[in-house]
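Enquirer: All chains should be modelled from the sequences, with the hints used to inform the complete structure.
Residue strings, one per chain:
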Amino acid sequence: MKLLSIRSISRRFGGLKAVDNVSFDVPQGAIKALIGPNGAGKTTLFNLLSGFLRPDRGSVVFAGAEVLGLMPHQIAARGMARTFQQTRLFPKMTVLENILVGRHLHSRGGFVSCMLHLPFLRKEEHSARETCREILEFLGLSAQAEEEAVRLPYGQQRIVELGRALACEPQILLLDEPAAGLNIRETAEVGKLISRIRERNVTVLLVEHDMSLVMDISDEIVVLSYGQKIAEDKPAFIQKDPEVIQIYLGEGDA
Amino acid sequence: MNLDLFLQYVVAGITYGTIYGIVAIGFNIIYNATGIINFAQGEFVMLGGMTAVTLGRFLPLPAAILAAVLLTTGVGALIEILFIRWLHRPSVLRMIVITIGLSILIRETALHIWGESVRALPYFTGTSVTSIRLGGVYISPQVLWVVGISAVVVAILWGFFRYTLLGMQMRACAANRDAARLCGISAKNMVTLSFMLSAGIGALGGCIVSPITYVQYDSGVPLAIKGFTVAILGGLGNSLASVGAGMLLGILESFSISVLPAAYKDVISVAILLVILFARPSGLFGSAEVARLKEF
Amino acid sequence: MKKQGLQIAGFAAVVVAIQLAASLTGNVYHLTQLTMSAYYSLVVLGLCILTGYAGQISIGHAGFFAIGGYLSALLTTHDLSAHGGPIVSGLAAMGILTRRPDLYGGELLTVHPWPACIFAVLTAVAVAYAIGGPVLKLKGHYLAMATLGFGIIVYRIVLGTELVGSADGIYDVPAFPLLPRVAVSGKSSLQVMNYYVAWGFVILGMVFLLNLVRSRVGRALASIHGAEDAAEAMGIPTARYKLKIFVVSAAFAAVAGVLLTHYNGGVGPSESSVMKSVRYLAIVAIGGMANLWGALLMSLLLNYLSLRGYFGTYDDAVFGVILILIMLFAPDGLLRRQLFEDLKAAVFPAGGEKET
Amino acid sequence: MRGRNGIIVAIVALALLVGAGVQAAEPIRVGAILAVTGPASFLGGPEARTLEMLVEEVNAKGGINGHKVELFIMDSGASPEKAVSFAKQLIEEKKVLAILGPSTSGETMQIKGIAEEGKTILLSCAAAEVIVNPVAKWVFKTPQKDSDAIQAIFNQMKRMKISKIGVLSGNDGFGSAGKGQIEKLAPENGITIVANEVYDKASTDLTAEVTKLKAANVEAIVNWSIVPAQSIVIKNARQIGFQGPIFQSHGFGNIRYVAAAGAAAEGVIFPAGRLLAAEGLPDSNPQKTVLLKYKKDYEAKYKEDASTFGGHAYDAFMILAKAIEKAGSTDKEKVRDVIETMRGFIGTGGVFNFSAQDHNGLGIDAFELLTVKDGKFALYRK
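Protein chains in written order, with the numbering used here: chain A, 303 to 556; chain B, 48 to 343; chain C, 11 to 366; chain D, -13 to 368.
Hints in this document: simulated from the structure, not taken from any laboratory. These figures come from a predicted structure and were not determined experimentally. One thing to keep in mind: the hints can contain errors.
[To be verified] Calculated lysine-lysine pairs in the DSS-like style (CA-CA distance at most 27 Å, straight line):
hint : chain 1 : residue 1 : chain 2 : residue 2
1    : B       : Lys235    : C       : Lys149
2    : D       : Lys308    : D       : Lys281
3    : D       : Lys279    : D       : Lys289
4    : D       : Lys281    : D       : Lys320
5    : D       : Lys320    : D       : Lys123
6    : C       : Lys197    : D       : Lys81
7    : D       : Lys312    : D       : Lys47
8    : D       : Lys362    : D       : Lys287
9    : D       : Lys359    : D       : Lys150
10   : D       : Lys54     : D       : Lys105
11   : C       : Lys197    : D       : Lys105
12   : D       : Lys318    : C       : Lys197
13   : D       : Lys123    : C       : Lys197
14   : D       : Lys320    : C       : Lys197
15   : C       : Lys147    : A       : Lys425
16   : A       : Lys394    : C       : Lys149
17   : D       : Lys80     : C       : Lys197
18   : D       : Lys279    : D       : Lys312
19   : D       : Lys308    : D       : Lys47
20   : D       : Lys279    : D       : Lys362
21   : A       : Lys394    : C       : Lys12
22   : C       : Lys13     : A       : Lys394
23   : A       : Lys394    : C       : Lys254
24   : D       : Lys359    : D       : Lys282
25   : C       : Lys13     : A       : Lys425
26   : D       : Lys318    : D       : Lys80
27   : D       : Lys54     : D       : Lys279
28   : D       : Lys80     : D       : Lys123
29   : D       : Lys308    : D       : Lys274
30   : A       : Lys425    : C       : Lys254
31   : C       : Lys147    : A       : Lys394
32   : D       : Lys170    : D       : Lys150
[Unchecked claim] Simulated restraints, written as ranges between beta carbons of each label pair:
hint : chain 1 : residue 1 : chain 2 : residue 2 : range
33   : C       : Gly150    : A       : Tyr456    : 51 to 61 Å
34   : A       : Gln387    : C       : Gly20     : 43 to 53 Å
35   : C       : Pro96     : A       : Val414    : 33 to 43 Å
36   : C       : Gly150    : B       : Lys235    : 13 to 23 Å
37   : C       : Lys13     : A       : Val414    : 15 to 25 Å
38   : D       : Gln229    : C       : Ala136    : 30 to 40 Å
For each residue, glycine too, the CB sits at the ideal point set by N, CA and C.
Expert: Below, the structure written as structure tokens:
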């Protein structure tokens, strides 16, 4: 059963075909990885899926409905959450508050009711905080709840951003290089975390450079090169795929 | 409207246009070097005019103007060194507020130095009534001075940025600070230079237009506002375009009063500013891409 | 929330204390300027939430103040008895019109302050909605310019339109009967009452805004300020939120405009001048951008001093200097604990200060 | 939070102290609300300087009836809201006998009611007719009436057989008030306005406006303004070759405007108080001595030419001083009554004859038609 299916999606910047006629599916409950050398169009593809970029053509069907052309916040509301390659934590907010922003979609208070602080808000706020504390527990960040997020060590910032996305209770989570700039130990932890996220029956689509991580956790891998999909298969086979090896050796990357 | 009248309006338009253009160039130079809009730009124009008038009492006109320009250039440098240079990655909001503060400060200082009264330099040639008659059109020689000197300034600037090492270094900084720094160009000095440059140009502008427009402690702000409009109209950071935009706005204004009450003249120009901002912030002549890679 | 209750209570106590102090020492007249400051503080609070919290600069808020003040003044002073006609009689039938004597024993038929006020504020809100859409798409300098432009347009129109008295503005604006026996009026006999009315409004506004910033919406606004794309990715409709908060702050300014106009008994073009907008922004900056209490206190202090003429001919200069000093050395405002660290950070960039 | 509340308390305590500081019974307290800075500073500046000079002079002579004069000059920057605040402050706190100014009509109208309520004499230095018409008990003004100035111009036009005129006016209070009066009086004088333009006080070039007038073939231009931009008008008019006569308002009565306009100012005709052409007056003229003295003193003290604006403040203060002297007391009511019945007071603006109906006290005879000869003001010889 596919949760997300991408059909011949393309986007060009001036002369450059950043994403060229790419199609693949993400089955419900899977961890799917998107790999490829730098400039292969992985992040562009993410931006297309999450609505930050408009594709030139193609279709993205998510949970049985076309999401192309929707605003990012609308797509998020459909249950697709994402993280960014460079951390985008909210400054001057504690870790808890950052995660609370993730609960936005699951609370109702509008401008007027918030200004008047209507009674129902107290309950809403309370339950939101509960959920977030639970998430912090899950992330093992309870201790840092009240610290200013952007002052945490980099590794933990990545985790907070991941938790913020998780707080949206998405059906699918798009992770843009979750392990970027992390050391081996931290990377391993992120790997474990992602698998545990899957256990919360959240489907995961991730872009990652760290091959060991990708090979460990993902069920399926899509390989992009110069905007085109050149392979899609189980990790074991991808590792043997001559074309993939060729690119990576050619790139001397990873 | 007969031809003479039409042309008379055009001449009037060109007069305003040149003035606005000069102010706009000042904005652009600083914007390119720093990404800051210097809200105190109009004050440079005012300072130039005021100083020149004062110095004019004991110096011959050209000397007075030269001295005024140099002095204002110094002020420009001083401002950058005192208020901008040592800031650590200042936010746009912060820079806006600082330059606004500077504009107020300079204006009020001028008020307490020179008092509230209006001043003007003498006409460079002839008197306030001499005018050259071309067909049915009357042109004050001062207008020719303004247009002429402005043209020269623009030409020199263009040459400076294209062909001198310093100019190219400034462009390099504008295009990519970090890369420029790697090539051993001191970005900070380039910024100081840009402030001096635009202060000097503003001052010169103030001197050459003061016989026509007069100068007063508070004549900076209205000019600055027109300057913004033109700078945006031409596409922020694009000096040559802003000259054209200046002309365009000036002529629009001078014709607007033939159909609208003059009291609303300024509403027109600001309304244009808003429309441009909404429709295409990159300016009339600039495309979005061009707007991104800054050019002088 | 408890903490907030205490703050408000403490502040209310201070408001009362000031009145008692003034009355007991026989200096009641201080309340005049304090009342005016209160109304200006409303504008500042509205701007603080827009610029400080949601991160959207506005150099045109005096425009909204003026729209409120001028419309209310125009409707409550423009004599309709001359016009007659079905519309006027219709309005009269709806009880929207009212008769009152003028300064010289004549009689005027004008719109009653309540409908006038409502109309004025609604208009300001409508204008905010209309321009907010395109304006808030802009960022940085472009946003600053657009709002500045809006302010200038209002100023020019006010100055160029004879209906609103061009340069003279509108005068002989009547008192505003808010409730039976409670009126916004400059009469010296009503000085104390008006002091409480004004500060009542401020406290009310403060409660609303404090509730807002501590709520889901407040977090959303702060997140827009912090990282707009991330906020969008969390499902926050950033464009709509920016527009709404813009409208809210415009409404604050308009209400202030209406009330102060009735309190002063008139309004002039200076209320819509760019310098006014800059002052509001200055106060927000000095108060510490995202700091409602700071903005409120600074507004109280600076407006009070300015309105009493303590700054003499240096009034604007003082604002300019404060503005520069604060922005250079304490960009996060004065009323904060880690002020000293920031000063250090500002002086030795190595410290790397945070930026809003 | 406590800390912050503490701060407010401190602030206010301080403020109250400062406020309470100003309490001295002996001297005669006089307030002045003037636009020393801001868009009308060209009015407020000279006015403030004149008042300072006069107070010094009076106090040097031992004050009025032995009472020294204590003057509070408040700079309103031409903003009504400040004028309102200051008016209340002066009346309730400083307990002044009278308020001189404000400089602009707008501010004056804004505080008219406050002066009435506070039963405090208001001697405005602003021109607009509405200030004293309808008459308010406590409100007077010293500048001549616009309508008289305009009538003087129209009379001259009739002599010159001019019937088609173009009108330009500044978008300040002075300009719009004059514009209104011109539109009102023109028909009665058989004069038609064929073009009517308003320009901004910050205008830098008005060629377009005058071109429009020239295109309408007006026989004469009336330029009604008090701001510097008015001399740009004359200049541009001459530059585009307009030959007809140019009439200005008494707002032109500032030699700097003449200097600014340069040669273009030559031959401009405008009505004004006699201050500007004092030297040229016949010795028989009652004002001559007063005018020359004020001029001499002011120019000696401030090294700048005296203007009629300063003159308005001079008159306001002198009228008040005279009234206090005559009333022999500082009782507001008494002093006010003296002013209202004051006749034949010789000021810079003219000979004032106040009455219950006329709180300005000047007639058309207060005006002299002046012109500019070799960059100087001179009486216009018809």
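Enquirer: Which of the numbered hints above does this structure break?
Expert: Of the numbered hints given earlier, those the structure breaks are 4, 15, 33, 38, listed in rising order.
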